[in-house]
Amino acid sequence: MDNLLIIIGVLCVIISLISMISLRRKVDERIEVFKDHELEYRDLRNDIIELKDEFSKSAELEIMNLDKKMRELNKTKVLIENKIKEGQSLNQILENTFEKINNIEVNVNSNFKENPKYLEKIIIDYYKQGLSIREIAKKTGKTLNEIQMIMGLTLN
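Quick note: the sequence shown uses my numbering, first residue 1004, plus one each step.
Derived by calculation from the structure, the hints in this document are not laboratory data. Be careful, since some hints might not be right.
[What the hints assert, rightly or not] Derived DEER-like restraints, expressed as beta-carbon distance ranges:
(1) Phe1037 - Ala1062: 54 to 64 angstroms
(2) Phe1037 - Glu1065: 11 to 21 angstroms
(3) Ile1051 - Val1081: 41 to 51 angstroms
(4) Asp1128 - Ile1104: 20 to 30 angstroms
(5) Glu1032 - Met1073: 40 to 50 angstroms
(6) Ala1062 - Ile1083: 47 to 57 angstroms
[Said to hold, decoys possible] Dumping the calculated DSBU-like pairs for lysine-lysine here, alpha-carbon to alpha-carbon at most 30 angstroms:
(7) Lys1141 - Lys1131
(8) Lys1145 - Lys1103
(9) Lys1103 - Lys1071
(10) Lys1120 - Lys1141
(11) Lys1060 - Lys1071
(12) Lys1131 - Lys1145
(13) Lys1103 - Lys1141
(14) Lys1088 - Lys1103
(15) Lys1038 - Lys1055
(16) Lys1088 - Lys1072
(17) Lys1142 - Lys1124
(18) Lys1060 - Lys1078
(19) Lys1071 - Lys1088
(20) Lys1086 - Lys1103
(21) Lys1131 - Lys1103
(22) Lys1078 - Lys1088
(23) Lys1103 - Lys1072
(24) Lys1145 - Lys1120
(25) Lys1124 - Lys1141
(26) Lys1055 - Lys1071
(27) Lys1060 - Lys1072
(28) Lys1120 - Lys1142
(29) Lys1078 - Lys1055
(30) Lys1072 - Lys1055
(31) Lys1103 - Lys1055
(32) Lys1142 - Lys1131
(33) Lys1086 - Lys1071
(34) Lys1120 - Lys1131
No residue lacks a Cβ here, since even glycine has one placed at the ideal position from N, Cα and C.
Turn these sequences into a full structure, and let the hints guide you.
Shown next as C-alpha cells:
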C-alpha cells in the first residue's frame, strides 16, 4: 500500500507538473499576445503623434497664410477707403466750386450797355488799378476776349 500511495503521489506530482506546464504555456501565450498588442499600441500611438504633428504643421502654415492674406486685405481696404475719402473730398470741392460759380452775380452797370466809351474807361481804370484781365472780365461781365480786344484797341 505504501507503493500505491507513492504512485498516487507521483501521479499527482506529474499531473500538477503537466498542469503547471500547460498553464505556463497559456501564460506565455498571453504574454506574447500582450506584447503584440503593446507593440501595436505603440505603433498606433506613434502614428497618431506623427499625424498630430503633421496636422499641427499644416494648420500653422494655413494660419500663417491666412494671416498674410488678412494683412494684405486690410492694406487693400485701407487703400480703398483712402481713395473713397479722396474721391469724396474731390466731389465736395467740385460741388463747392459749382456752387460758387452758380452764386456769382455779375453786376453789369447800365452805363456799360448804353455807352461803350464809358465801358472802355472803366476797363482802363481797372487795368491801371492792377486788376488782371480775368478779374476785369468778372467785374464787367465781358469775356476775356472782349476785354483783351478793348485793351488792345485802347492802349494802342
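I'd like to know which numbered hints this structure contradicts. Please list them from smallest to largest. 1, 2, 5, 6, 9, 23, 29 and 31
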